[in-house]
Each structure stands twice: as structure tokens, then as C-alpha cells.
Amino acid sequence: MKRYILKRILQSTLSLLVVTFIIFSLTHLSGDPAVLMAPPDASQADIQEMRVSMGLTEPFHVQYGLFLSGLLKGDFGRSFKWNQPCLEVWFERFPNTLLLAAAAMGFTLTFGLSFGILSAVNVGRWFDKFGKIFALLGQSLPVFWVGLMLMWIFAVKLGWLPTSGMGTWQHLIMPAITLGWFFTAAITRLTRSSMLDVLDRDYIKMAKIKGVSRISVILKHAFKNASLPILTMGSLNFVFMLNGTVITETVFNWPGVGTLVVEAIFARDYPVVQTTVLIGSFFFVFVNLLVDVLYAYIDPRIRY
Amino acid sequence: MKNLEHSTETKRIHWFFNREYLRGCLSGLKELPLFSIMLLIVFVFLGVFGKFFTPHDPTWTDLNAILLPPFWIEGGNVSYLLGTDPLGRDILSQLIAGANVSLEVGFAVVIIAGTTGTIMALLSGYLGGKVDAVVMRLCEIALSIPYLMVAIVLAAILGPSKENIILILIVLGWAGYARVLRGEVLRVKEGDFVRLAVIAGCSPLRIMLRHILPNIVNTIIIMSTLQLGIVIIAEASLSFLGLGVPPPTPAWGSMCAEGRNYIFDAWWISFWPGLTIMLVVLSCNFLGDWLRIRLDPKFRQI
Chain H
6 MKRYILKRIL QSTLSLLVVT FIIFSLTHLS GDPAVLMAPP DASQADIQEM
56 RVSMGLTEPF HVQYGLFLSG LLKGDFGRSF KWNQPCLEVW FERFPNTLLL
106 AAAAMGFTLT FGLSFGILSA VNVGRWFDKF GKIFALLGQS LPVFWVGLML
156 MWIFAVKLGW LPTSGMGTWQ HLIMPAITLG WFFTAAITRL TRSSMLDVLD
206 RDYIKMAKIK GVSRISVILK HAFKNASLPI LTMGSLNFVF MLNGTVITET
256 VFNWPGVGTL VVEAIFARDY PVVQTTVLIG SFFFVFVNLL VDVLYAYIDP
306 RIRY
Chain Z
66 MKNLEHSTET KRIHWFFNRE YLRGCLSGLK ELPLFSIMLL IVFVFLGVFG
116 KFFTPHDPTW TDLNAILLPP FWIEGGNVSY LLGTDPLGRD ILSQLIAGAN
166 VSLEVGFAVV IIAGTTGTIM ALLSGYLGGK VDAVVMRLCE IALSIPYLMV
216 AIVLAAILGP SKENIILILI VLGWAGYARV LRGEVLRVKE GDFVRLAVIA
266 GCSPLRIMLR HILPNIVNTI IIMSTLQLGI VIIAEASLSF LGLGVPPPTP
316 AWGSMCAEGR NYIFDAWWIS FWPGLTIMLV VLSCNFLGDW LRIRLDPKFR
366 QI
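The listed protein sequences derive, respectively, from chains H and Z.
According to this note's numbering, the first sequence holds residues 6 to 309 in order.
According to this note's numbering, the second sequence holds residues 66 to 367 in order.
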């Protein structure tokens with residue numbers, strides 16, 4: 006077990022290193038930061054001076070080394086556009102994304118679990134078929150379109166909800182549904198299959214024979230036992246959500262990390278883009294690692 | 066030897082006259098997702114020949130017909146069936162012409178990423194050892210990168226163009242194939258026919274291509290069908306963010322993005338392209354699911 010965990014940690018570190026390398030070399034290729042940062046009236050000599058002070062005249066590998074040691078010290082560089090450390094810019098936006106993802110997770114769990122359980126209990130009947138179509142639709146609808154159509158129906162036609170931005174709890178509803186939609190489909194499918202797996206067991210039959218009420222059998226005996234894979238998948242999905250907010254945030258003008266990336270890209274503020282993607286990758290790799298270790302702990306066969 | 070040949074020959078004739086076999090084939094055809102297949106054929110046809118069938122030039126702006134609604138709504142014009150955008154361009158023509166980008170990106174990525182993934186899977190699964198270790202590490206790295214974010218950054222840095230989008234989606238997409246197919250190769254490799262081929266002196270290359278590849282083709286087809294839908298949505302998402310194919314080339318994702326600013330006055334600008342994407346991707350998913358159930362014996366009972 007220890008060997009497996011150590012191996013996985015090493016692999017994840019390697020993955021992270023490769024990600025930093027790709028992102029660093031790409032931003033390196035994308036242009037001269039000194040020119041981008043310099044005020045418009047700066048002379049060639051000023052720009053050259055900036056290059057030297059920023060370490061841009063060093064060879065590539067030295068710059069990469071400096072970049073890496075900076076990362077380890079928590080120095081992600083300085084934003085051109087906001088003129089403050091990138092990490093601060095990121096921390097200003099992150100709570101908003103977290104709020105959005107949490108709301109989306111709430112939506113996903115409420116609907117995914119109930120649809121999944123109802124489908125499993127009514128297997129083969131109309132509700133199950135409805136659930137199947139719902140899950141297939143969830144995978145086939147482009148996220149931005151779901152957002153736009155929700156906006157058109159609930160904000161423009163019915164006027165119930167505000168179109169975009171952030172503020173009251175009403176602002177949260179449509180972005181949360183948009184972001185959670187895709188994951189709801191996944192959770193529905195997973196809940197259905199793991200419930201079906203459990204509902205077939207002997208102890209469920211036993212509970213039924215003993216005369217335990219239907220609801221109690223489904224929720225207490227079956228669901229409790231089916232919930233482990235759903236829990237794992239759910240926590241994994243939460244990280245995917247944190248990373249997948251770019252489109253939802255763009256549609257609804259939500260001031261989170263996703264819109265930060267897009268704004269930074271169009272302002273050519275590459276340090277901020279770099280920071281956001283690196284932190285996102287770090288979350289992603291870390292949670293993948295966590296899930297793998299967790300699975301190995303539960304199912305020893307994986308270790309070999 | 067002659068006997069053996071004779072018996073397979075009779076079998077071959079036999080199945081043709083075997084009613085039960087034919088009935089089995091026909092009942093299989095009856096379940097064929099005809100709607101999906103037809104939609105995909107229309108999609109491919111319009112993707113290739115669409116530019117000859119557009120009612121108007123998709124980039125032609127008619128300043129007398131700005132933001133016209135679809136023809137059945139008051140104020141609509143029959144010559145612009147699905148309405149016009151803020152520059153007076155015909156939505157239907159843009160939709161038809163936009164199929165080209167989705168089709169080209171979709172097929173290019175699926176074919177190239179699929180081929181790369183298959184080659185990697187064959188090499189790593191059959192040869193094992195160091196090759197396997199290297200390929201699997203590469204795979205893990207590719208799979209542990211947050212897909213959309215990196216695609217966005219790459220598109221921004223490399224500059225938005227059709228070729229770059231294809232390149233990005235290939236780089237991020239081959240690993241999925243490689244990982245699944247490697248498992249298949251490992252399973253097929255244990256078969257007796259592979260051992261016999263080794264004993265008969267076949268070269269590794271011949272075993273990989275003639276003995277193992279035909280046995281994993283099913284999985285490749287299923288994966289590619291499902292992947293096509295995923296790639297089309299990814300391309301549309303990048304176009305939606307303004308990082309896809311640059312204007313004025315019509316693309317479904319950028320049409321949706323344009324409609325976002327006019328959602329109060331003109332819902333039809335983003336409604337139609339989104340609906341089209343949904344129908345195409347839904348067809349891919351339906352067909353993929355159907356193929357999986359038909360081709361994979363494990364699922365036949367369910």
C-alpha cells in the first residue's frame with residue numbers, strides 16, 4: 006500500500022511538472038512580456054532594462070528554474086492588467102466560483118440522486134425511460150446553450166430571474182442549473198446502476214419479507230449501501246465543476262475564476278492565465294491522486 | 066485440408082439460406098437507430114457540400130433585413146426561413162455552412178486521435194515493458210490535465226484557427242483511446258490464436274495488425290462514435306468563447322455567442338445553432354450506445 010501511494014505521488018508530481026513545463030514554454034513563445042508590460046511611451050532602452058530586471062535575458066532553462074522556484078515560494082508572478090500579484094487576483098475571484106460550484110453540486114445531488122433512485126426502483130417503466138432520455142440529453146446539450154435558453158425562458162420571457170451578474174440568491178439559480186446539468190446526468194446514471202446492483206441482494210429481500218416499509222427498504226437498506234461510489238464520484242465531480250466553470254461564468258457574467266481566465270486571455274495578461282491554469286491543474290491532479298488512493302484502499306486488487 | 070475447406074464452403078452457402086439467421090439479421094436492422102443515422106448522413110452531406118445548398122450567401126449582409134424573426138412569427142420573411150442576425154445574415158445559410166467546421170474538426174480529431182491512440186495502445190499493450198511504461202506515463206499526463214482550461218490557453222496562445230483547434234483536441238484526445246484500447250489489447254493478447262501465431266513465426270508487427278487489431282475494431286468504432294459528439298461540443302465551446310475558427314467563417318458555437326448579446330430581442334440567433342449541435346451530438350450518442358449494445362456481447366443481455 007505504501008509503495009503504491011508513493012508511486013502515485015511520484016507520478017502526479019511528474020504530471021504537474023510536465024504541465025508547468027508546457028504552460029511555461031507556451032507563454033514563453035507567446036511574446037515578450039517586457040513589451041506588454043511597458044508603458045506605451047517607453048523607449049527601447051527602457052524595455053531592455055525591464056528585460057534584464059525581469060530576468061528575460063537569461064537562457065530558457067534558467068528562466069524555467071526561476072519560475073519553478075518562484076512557484077514553490079508561492080510567487081506566481083505579477084498581473085499586467087490588475088497590477089497586483091496573480092495569486093491575490095485569483096483569491097479575489099475564487100470564492101465566487103466556489104459558491105457557484107457548491108450551488109451546482111446541491112442541484113446535482115438533489116436531482117441526480119432522486120432521479121437515479123426512482124429510475125432504479127421503477128426499472129423498465131416510464132420513469133426509467135424518462136431518466137434515460139434525461140441522462141442522454143444531459144450529455145448531448147452544449148453547456149452554453151442550456152444557459153442561454155434558461156436565460157431566454159426565465160429572465161426574458163417570464164421575467165422571474167435576473168439575466169446575469171451576481172448579487173442575490175436569485176442570481177445563483179440559473180448558473181447553478183447550467184453548471185450542474187451535465188453532472189446531474191452522470192450522477193443519475195451512476196445512482197441507478199449502483200442501486201440496481203444493491204437492490205438485487207439477499208438482505209434487501211430479507212428486509213422486504215420481514216415487512217419493512219418500501220420507503221425504508223429503499224432509503225435505509227439499499228441507498229445507504231449504494232452510496233459509496235456515488236460519494237466518490239460526487240467529490241470528483243466537484244473538482245471538475247471548479248475547473249469547468251469557464252463557459253457557465255461567461256454566459257452569465259459571473260465574476261469567478263472562469264471569467265478571470267477569459268478576461269486575462271483577451272488582455273494578453275499571461276501570468277494570470279498561467280496562475281489560474283496551474284492552480285486548476287493542481288486541484289485536478291491532487292483529486293485524481295486522492296481518488297486513486299481511496300480506491301486502492303477499498304479495493305486491494307488495484308494496487309497490483 | 067480439402068475437407069475443411071469444403072465444410073466452410075457449405076457453411077457459407079448454408080447461412081445464406083438459413084431463415085433463422087436472416088431473421089436475426091433483420092430484427093437487428095429493425096432496432097437500427099434510423100433517425101440518428103439519417104441525421105448524421107445529412108450532417109456529413111451538408112458538411113461537405115453545404116456551401117452549394119445555402120439559400121443565401123452565409124456572409125452576405127442584407128441591411129434591410131436586420132434581426133428578422135423566423136418566418137412564422139409576425140415580421141418574419143419567407144426568404145429568411147429561420148430569421149436573420151444583427152448584420153442581416155441568413156441564419157439558415159449560416160447553419161448549413163457552419164456544418165463544415167464541425168464536420169472537419171470532428172472527423173479530423175476522431176480519425177487522427179483514434180489512429181494515434183490505437184497505435185499507442187497496440188505498442189504498449191502488446192510489447193509491454195519499457196514501451197508500456199513510457200506510453201502509460203504520457204497517457205496519465207494527458208489525462209490529468211484539465212481539458213477545457215488548457216484548450217483555452219492553447220487556443221489563445223497559438224491563435225484561433227481551424228488547424229490549431231484540431232491540433233489541440235488531438236493532443237488532448239488521444240490518451241482516452243490509448244487507455245481503453247490498451248486494456249482490450251491486453252485481453253485479446255492472451256487468446257490462443259495469438260500464441261499460435263507467435264509459434265507459427267509471425268512478426269510482432271503482423272500479430273499486432275492482423276491478429277489483434279481486428280479484435281479491437283469494435284471498441285474503436287464505439288469510442289469514435291461517442292468521441293465525435295464530444296469533439297463537436299468541445300469545438301463549439303471554444304468557438305463560443307471566441308477562441309475557435311475566426312469570423313466571418315460561420316461556426317455553430319460563435320453563432321450562439323453572437324446571440325447572447327441579443328437574447329432580449331432575438332432568441333432565434335442562438336436557439337437554432339444550439340439545437341443543431343444537440344441533434345448531431347444526440348445522434349452520435351444514440352448510435353454509440355446502440356453499437357455498444359450490438360457489438361459488445363457483455364451488454365447484449367442488459
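Keep in mind that the hints were calculated from the coordinates and are not lab data.
Please note that the accuracy of each hint is not assured.
The calculated EDC-like cross-link candidates involving lysine to aspartate or glutamate, where the alpha carbons are at most 20 Å apart (straight line), are [to be verified]:
id: 1; chain 1: H; residue 1: Lys162; chain 2: Z; residue 2: Asp330
id: 2; chain 1: H; residue 1: Lys137; chain 2: Z; residue 2: Asp330
id: 3; chain 1: H; residue 1: Lys12; chain 2: Z; residue 2: Asp197
Results of checking the hints against the structure:
1. H:Lys162 / Z:Asp330: 11 Å, holds
2. H:Lys137 / Z:Asp330: Violated, because 35 Å separates the two Cα atoms, which is more than 20 Å.
3. H:Lys12 / Z:Asp197: 16 Å, holds
Checked against the numbered hints given earlier, this structure breaks only hint 2.
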